[in-house]
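Listed below are the residues making up each chain.
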Amino acid sequence: MEATLDSLALGFSVAFRPDVLLYAFLGCLVGTLVGMLPGIGPLAGISILLPATFGLDATKAIVMLAGIYYGSQYGGSTTSILMRIPGEAASVMTCIDGYAMARKGRAGAALCIAAVGSFVAGTFGVVLLTVVVAPLAGFALRFGPPEYTALLVLGLVFLAYMSATSLVRTMLMAATGLLLGCIGIDVMTGHFRYSFDIKELGDGLGIVPVAVGLFGLGEILSTPAKTMTGVVASPRLAELLPNRQEWREAAMPMARGSVLGFIVGIVPGSAHIIASFLSYAVEKRVSAKPEEFGQGAVAGVAGPESANNAASTGAFVPMLALGLPTGPVTAVLMAALLIHGVPPGPQLVSEHPQVFWGFIASMYVGNLMLLALNLPLVGLFVSVLRIPYAYLYPLIIMFCIVGVYEVSHSIVDVWIMLIMGVVGYLLRKFDFDPAPLVLGLVIAPLLEMSLRQSLIMSGGNWLIFVQRPIAAVLLGIGALLLALAAASLFKRGDWRGRLAVAEGGEKP
Amino acid sequence: MTLRRDHVAGAAFVVIGALTLALSGDLPFGTLASPGAGMLPTLVIALMMAIGLVLFMLAGTSPPLATIEWADLAHAARVVAVTAAAIALYTSLGFLLTIALILFVLTFAVERKPILHAAAFSICVAVLAYTFFNMLLKAPLPRGLLWL
Chain A
54 MEATLDSLAL
64 GFSVAFRPDV
74 LLYAFLGCLV
84 GTLVGMLPGI
94 GPLAGISILL
104 PATFGLDATK
114 AIVMLAGIYY
124 GSQYGGSTTS
134 ILMRIPGEAA
144 SVMTCIDGYA
154 MARKGRAGAA
164 LCIAAVGSFV
174 AGTFGVVLLT
184 VVVAPLAGFA
194 LRFGPPEYTA
204 LLVLGLVFLA
214 YMSATSLVRT
224 MLMAATGLLL
234 GCIGIDVMTG
244 HFRYSFDIKE
254 LGDGLGIVPV
264 AVGLFGLGEI
274 LSTPAKTMTG
284 VVASPRLAEL
294 LPNRQEWREA
304 AMPMARGSVL
314 GFIVGIVPGS
324 AHIIASFLSY
334 AVEKRVSAKP
344 EEFGQGAVAG
354 VAGPESANNA
364 ASTGAFVPML
374 ALGLPTGPVT
384 AVLMAALLIH
394 GVPPGPQLVS
404 EHPQVFWGFI
414 ASMYVGNLML
424 LALNLPLVGL
434 FVSVLRIPYA
444 YLYPLIIMFC
454 IVGVYEVSHS
464 IVDVWIMLIM
474 GVVGYLLRKF
484 DFDPAPLVLG
494 LVIAPLLEMS
504 LRQSLIMSGG
514 NWLIFVQRPI
524 AAVLLGIGAL
534 LLALAAASLF
544 KRGDWRGRLA
554 VAEGGEKP
Chain B
21 MTLRRDHVAG
31 AAFVVIGALT
41 LALSGDLPFG
51 TLASPGAGML
61 PTLVIALMMA
71 IGLVLFMLAG
81 TSPPLATIEW
91 ADLAHAARVV
101 AVTAAAIALY
111 TSLGFLLTIA
121 LILFVLTFAV
131 ERKPILHAAA
141 FSICVAVLAY
151 TFFNMLLKAP
161 LPRGLLWL
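These protein sequences, in sequence, are chains A and B. Sequential numbering of the first sequence, starting at 54, is according to our numbering. Sequential numbering of the second sequence, starting at 21, is according to our numbering.
To list a few chain B residues with every Cβ distance to chain A over 10 Å, as calculated:
hint	residue
1	M21
2	T22
3	A38
4	G80
5	P84
6	A86
7	L113
8	L117
9	I135
10	L136
11	I143
12	V147
13	T151
14	M155
15	R163
Here are the computed lysine to any residue pairs in the SDA-like style, where the Cα-Cα straight-line distance is at most 20 Å:
hint	chain 1	residue 1	chain 2	residue 2
16	A	K157	A	E344
17	B	K133	A	L448
18	B	K133	A	A443
19	A	K337	A	A308
20	B	K133	A	T276
21	A	K482	B	W90
Here are the simulated distance ranges between beta carbons:
hint	chain 1	residue 1	chain 2	residue 2	range
22	B	M21	A	I523	46 to 52 Å
23	B	M21	A	K252	43 to 49 Å
24	B	I36	A	V180	43 to 49 Å
25	B	A105	A	E404	42 to 48 Å
26	A	P429	B	A31	52 to 58 Å
27	B	I36	A	A539	19 to 25 Å
28	A	V240	B	A38	24 to 30 Å
Hints listed in this document are in silico derivations from the structure and should not be mistaken for laboratory results. For glycine and all other residues, C-beta sits at the position ideal for the given N, C-alpha and C.
Chain A on its own, in the form it takes in the complex (with noise of 0.2 Å):
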């Protein structure tokens, strides 16, 4: 424990210098602009502004991108509240009780829950992702080739099982994903692989330019501007404080999300989103006054706003100690931190202590900017959402188009990116979610060597999988989710199903 708080101490000196503050306030200003506008997610806005961190060092990149994350989460309830458009989908689960108070006049009480929610979730979970990681990476220090694809497997079963949309959906958009991500020339033979003569393919195909096309791009060309309204109330500085009443039915709801949340935010998929759709669950199961739920509960605020914060924070913890992502936006955050030359995983804490402490430390004092920026200014980042659509999506094609190019100076990646973004269209006409796709992307390239190393080492006996027990137990735990996925498959109404359509807006 004195060890983790000197290490915190080293982090806190480099999270207090001038420009580390500057870029964690650019990245939870950007982060809540991002949350607040609807038609650009976490992940669109962090992949569109990487190539602005390429001239920073790793740790002031990363910490601003982070913040971007974690800021989208507290940006992402203000239009939930006050327009009942979700500007983020963690915040879907916002949207009904979070309207149903502004509608009663209770918008200013409805912000301030879940600005203080957010905060209080997203520095508990700093707290335990302070105390996990350190032991967690020193514990996966012990892993080999078998053991990392074990890992990789079960993360993509867990992806499975978890996921909103359907076990066969969620499969079949991460095994496109691996695909996509075999092109390029094979690192152990030297092979082509789907590159067609293209040189640029040779390299694979870039994370940035599938998944700006696919969430960016996809999602503006999805969102007709007409179908996009500008009206918007402001609530004033005075009606943001909550009642005595509301502060202790928030209470609770609070604490209850942040537990819930950093623990389902561990897991792969799609965390946040989740754990706010359970966190409305559990709220409205433990109420004395469930009926309350969709007329404007308090803790039906708290606690999804709560959850979907600790989550995010809980994303990082596989991420830093592992190297593996759990979700498509901790996969762009792994790979800004590769193209800054930091590795994520095991070694990390021991190998970058500046920049891993570094970036611990500046989320403790990124959740409370982000609480100093979006109280008293929610009136100023209201009237971004008054911009009309149709000069709003230009502008993010144009940053699409820049931040893609400006990776690798490659008109081929914006030419991925135009074709990504059609097929993020289509696929979200056919209900597909592109997150597992990117996922699959990303990993693919880990899972190919891990695989092929284990093989090599146990001279093509499979055995080795079950016969280490680190690796049988990963895969244990993946075949019993994959089963109890199977077989949800012929049961009809479960917490998927309720999931996903709340995630079209409908109430549950």
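Chain B: place on chain A using the hints.
Then chain B, alone, in the frame of chain A:
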């Protein structure tokens, strides 16, 4: 039989898998003791085709294909066409000119905003973006015809 959404989606993945498999002919699968470049792609394609088939077979509960809403297709096609033109011109015309043009075409021609508003918006944003990327972030932008 009603053609349903998942019939089309499932069949599409099976066809894509088959086509990719045909393209993978020259990739060696290798052996278990010495896996080749084609091993993972082949396994993944097989998985994809199998799951695609499952999706096709379970399609009975999915909505009919005709219920998919395509009202936004024309708008999406216009945006794709304008973006494609901008990408094609990006390195030859350069950042400033291409970005000003794409913004103008999208706001004026696609969104039917007044011409003066669209022109002012596109020129101001292009210049501001150039200042931001090129001067503040020192990002090397394509210079193109205007050497900018």
